[in-house]
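Enquirer: Join the two chains into one complex using the hints; note that each chain is given alone, in its own frame.
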Amino acid sequence: MRSMTYLLSIKNLKVSYSNIEVLKGINLDVKKGEKVVIIGPSGSGKSTLLKAIDGLVKINEGEIIFDGVKVNNENIIKVRSEIGFVFQNYTLFPHFTLLKNVMFPLQEVKKLSKEKSEKIANEALESVGLLEKAQSYPFEVSGGQRQRAAIARALALNPKLLLLDEPTSALDPEFVGEVLEILEEIAKKGITMIVVTHEVDFAEDVATNVVFIDGGEIIEMGPPSEVLVSPRSERLKKFLSRIIRKRLVYSK
Amino acid sequence: MIDFSFLTSIFPYLIQGLVFTLELSIFGFILGFFLGITLAVLRLSNDRLLSSISSLYIDLIRGTPLLVQILIIYFGLPSLGIYFDPITAGILAIGLNSGAYQAEIIRSGIRAIPKENIESAQSLGLTDFKTYRFVVLPLAIRNVVPALTNELVTLVKDSSLISVIGVPELTRRGEYIIAWTFRPFEVYLLVALIYFVVCYFLSKLSAKLERRLAIPGFFSSKE
Numbered sequence: 022m023r024s025m026t027y028l029l030s031i032k033n034l035k036v037s038y039s040n041i042e043v044l045k046g047i048n049l050d051v052k053k054g055e056k057v058v059i060i061g062p063s064g065s066g067k068s069t070l071l072k073a074i075d076g077l078v079k080i081n082e083g084e085i086i087f088d089g090v091k092v093n094n095e096n097i098i099k100v101r102s103e104i105g106f107v108f109q110n111y112t113l114f115p116h117f118t119l120l121k122n123v124m125f126p127l128q129e130v131k132k133l134s135k136e137k138s139e140k141i142a143n144e145a146l147e148s149v150g151l152l153e154k155a156q157s158y159p160f161e162v163s164g165g166q167r168q169r170a171a172i173a174r175a176l177a178l179n180p181k182l183l184l185l186d187e188p189t190s191a192l193d194p195e196f197v198g199e200v201l202e203i204l205e206e207i208a209k210k211g212i213t214m215i216v217v218t219h220e221v222d223f224a225e226d227v228a229t230n231v232v233f234i235d236g237g238e239i240i241e242m243g244p245p246s247e248v249l250v251s252p253r254s255e256r257l258k259k260f261l262s263r264i265i266r267k268r269l270v271y272s273k
Numbered sequence: 003m004i005d006f007s008f009l010t011s012i013f014p015y016l017i018q019g020l021v022f023t024l025e026l027s028i029f030g031f032i033l034g035f036f037l038g039i040t041l042a043v044l045r046l047s048n049d050r051l052l053s054s055i056s057s058l059y060i061d062l063i064r065g066t067p068l069l070v071q072i073l074i075i076y077f078g079l080p081s082l083g084i085y086f087d088p089i090t091a092g093i094l095a096i097g098l099n100s101g102a103y104q105a106e107i108i109r110s111g112i113r114a115i116p117k118e119n120i121e122s123a124q125s126l127g128l129t130d131f132k133t134y135r136f137v138v139l140p141l142a143i144r145n146v147v148p149a150l151t152n153e154l155v156t157l158v159k160d161s162s163l164i165s166v167i168g169v170p171e172l173t174r175r176g177e178y179i180i181a182w183t184f185r186p187f188e189v190y191l192l193v194a195l196i197y198f199v200v201c202y203f204l205s206k207l208s209a210k211l212e213r214r215l216a217i218p219g220f221f222s223s224k225e
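Protein sequences appear in the order of chains Y and S. Per my numbering, the first sequence starts with residue 22, numbered consecutively. Per my numbering, the second sequence starts with residue 3, numbered consecutively.
Looking at chain S on its own, in the form it has when it is part of the complex (with noise of 0.2 Å):
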């Protein structure tokens, strides 16, 4: 049976460890956001170029496992001379990674944008970097923030991977405390429930996030 003293006594150990799964999803959300907002614009430009460069990526990584990806990173490159850290090879390869799957989000946030709000910023001469800067993106980003949300959730879950290269992250160590006491079923549990917890948590944050950046009166006077 489930022995609690056991599970309160490798608790401190498993949470040290959801601070590196933290630390991989958040800076690799951060990551992947800016990435996104590049790919996204990219893609939408009038270059046909940077257009099909931005999609070949996107194609590209939403087409390949990521953990395959994480391997290439931090097992591939080192024969090219690229050498990373396993966290930082572990917070590239989610930002990478999500940069693509953010990209397609806020790509549809920029087209579900009334065209006139656009056209509306360029006819007062602004610059195209500042219509993106104040009016787009503010606009497409409030318009995808559950999608968004939702893909720091599955990184939080998919960060987990990167145990395959040695960071000491939540999954991982629950693996070390297996090897140590043959105890899965509780551990494996356990940590399940932590990555629940977390995920949990952080859709109710989601919530609270729509809430407080809804254009105000819009859902009321909605047209």
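For reference, chain Y alone in the conformation it holds in the complex (with noise of 0.2 Å):
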């Protein structure tokens, strides 16, 4: 009963690569309409949490519950075609276009007609200021439209749930902006995100909640103005600390 009231419930989730436990038992809870962030140390386990929630990780004990139903290897196509996935780096196809990227899911996942999936990923992409490049190939467009691209192609098909995983980490820092205004206007329209990121100006600005995960465990959960501002735990002070300093010695 509990979990019907979350869009997803991740319930004692433990996942291990060969014999090392990445994830020691995650418990998370997010409502409908929740930005959720989460940050971490490299090697925090953050990556293989979102991974775990889209089925593409093994997981070794526990359950995800998303929309209701429990997460199993019957539904996992279903389930993934209602949530978003951005990877870091070489979430586009790079054989396709920037068009036929964001139509091709729709008409092979959606089963929607060409001309729909057409007017859909057009749309898509004039909302990310990608237009004219629609018929560009992601390696020839920069490292942020690349990302801006893969966020259309996210949104077009309309999901429930959008994870990404460090969207800016991979990009020069002249692009970084950019996505992340995207991002915040999307985060305005009412969609639940899971965010992996290290830029702490954005989880203040956006997440209703914060999670920071340290060698596979949530050590501190909770709204940006707690987490942020008066980190209770040494490990998150610690790497706030660092997090802050990295980018008082950038902005001079």
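Not one of these hints is a red herring.
Listed below are the simulated PhoX-like cross-link pairs for lysine-lysine, each with C-alpha atoms no more than 20 Å apart in a straight line:
1) Lys132/Y to Lys99/Y
2) Lys209/Y to Lys52/Y
3) Lys32/Y to Lys53/Y
4) Lys99/Y to Lys72/Y
5) Lys181/Y to Lys132/Y
6) Lys52/Y to Lys210/Y
7) Lys132/S to Lys131/Y
8) Lys181/Y to Lys53/Y
9) Lys117/S to Lys79/Y
10) Lys132/S to Lys121/Y
11) Lys181/Y to Lys91/Y
12) Lys140/Y to Lys121/Y
13) Lys53/Y to Lys91/Y
14) Lys132/S to Lys99/Y
15) Lys117/S to Lys72/Y
16) Lys72/Y to Lys52/Y
17) Lys132/Y to Lys132/S
18) Lys135/Y to Lys132/S
19) Lys32/Y to Lys45/Y
20) Lys91/Y to Lys79/Y
21) Lys131/Y to Lys121/Y
Simulated restraints on C-beta separations:
22) Leu62/S to Gly150/Y: 52 to 60 Å
23) Gly89/Y to Thr129/S: 22 to 30 Å
24) Pro116/S to Glu206/Y: 22 to 30 Å
25) Ser110/S to Lys131/Y: 28 to 36 Å
26) Lys79/Y to Pro116/S: 17 to 25 Å
27) Gln156/Y to Phe8/S: 52 to 60 Å
28) Asn96/Y to Pro116/S: 25 to 33 Å
Bear in mind the hints are in silico, worked out from the structure with no lab data behind them. Beta carbons: idealized from backbone N, C-alpha and C, even for Gly.
Expert: Here it is, written out as structure tokens:
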């Protein structure tokens, strides 16, 4: 019953790669419309958590309930079609134009006609300011434009949940802003998002909940005004001070 | 010395043999290509049994001579009541053999694809079949065009082994001419030259194909 009130409910999730336990019992509930930002050091299990939600890694223990249904091997294809996923890099298929990248899942997954798919795809590209690049290939545009197109593709499918795995980490600094701006815009539209990022400013502005993961466990969780402003654990204090110090160095 | 008028006179007869050579190698290559894709996908699958069967096949084929495989198919299988005409046996032998080599080539092509590209296809809700058909294989094959055309060139040359089961391909026809004329040096030299021209042409074609299939912008902005 409890899970019905949440769009996503993760219970005691454990994931191991060979013999190393990467997630050690994660519990996380996400309500519809919430923006969850996950922060944490490299190798802490953030990306694995996102992949586990989308069934891209094998779960050793625990369960994931999405939209009231327990995710399993039988319904994973359907679940995936309702969850958008933007990776750090290589989300787009390099042998398709941007337009085809967006159209392709509409035709093959949503089974829409070519005309309808093309119309939706063009609108999606327009909404991220890439209509004039529709016929370009991913490697012919900038990294920032690639990420914007990847976001457009995810949104065109009208997902119930959008997962973003460090969407700006692989970008040159000059492109980070344009991608974050798009994400802020989307966030305002009410879509449920889980974003793994090191952009603390973005977390402050957009997040309804910030989750700090370290060593495969959730160490702290709460609204940004608590977690980011007055962290309780030593680990989070250290982590934040490192990130903020880095930011100060950059801004000089 | 080399008698050019003699060479000109046997040339049309040899070219008719080249048609068989190309038929054997091209159809063998195509058979091997689809077999290779299947074996590569099975080998990479999570199903241990399927993966081991694929590995075993690849090891067996690569660990035995093509000539012996040809002899087994044409002279051995009839004892089990399975008969093939020489050309079918030849295509089958080349295809079954090349499949093992192409499987390894395609497998390396699949492994070279960024993991995120594959995960991204899965994350869209594509089935495994569609993920392979639209994303994995098109990218994998682009990665290995030079290796695959190299394999085709090898097959054109190796198809000369099919002469042992009586297919009148290029090498076999050369042998016929030698039996009538006792001029092995000139004839074999001409046969070699014809193989060379074909293989040279195929390598050039490969470079063209590679450029055509190249992912736009990939090499200029490779990160």
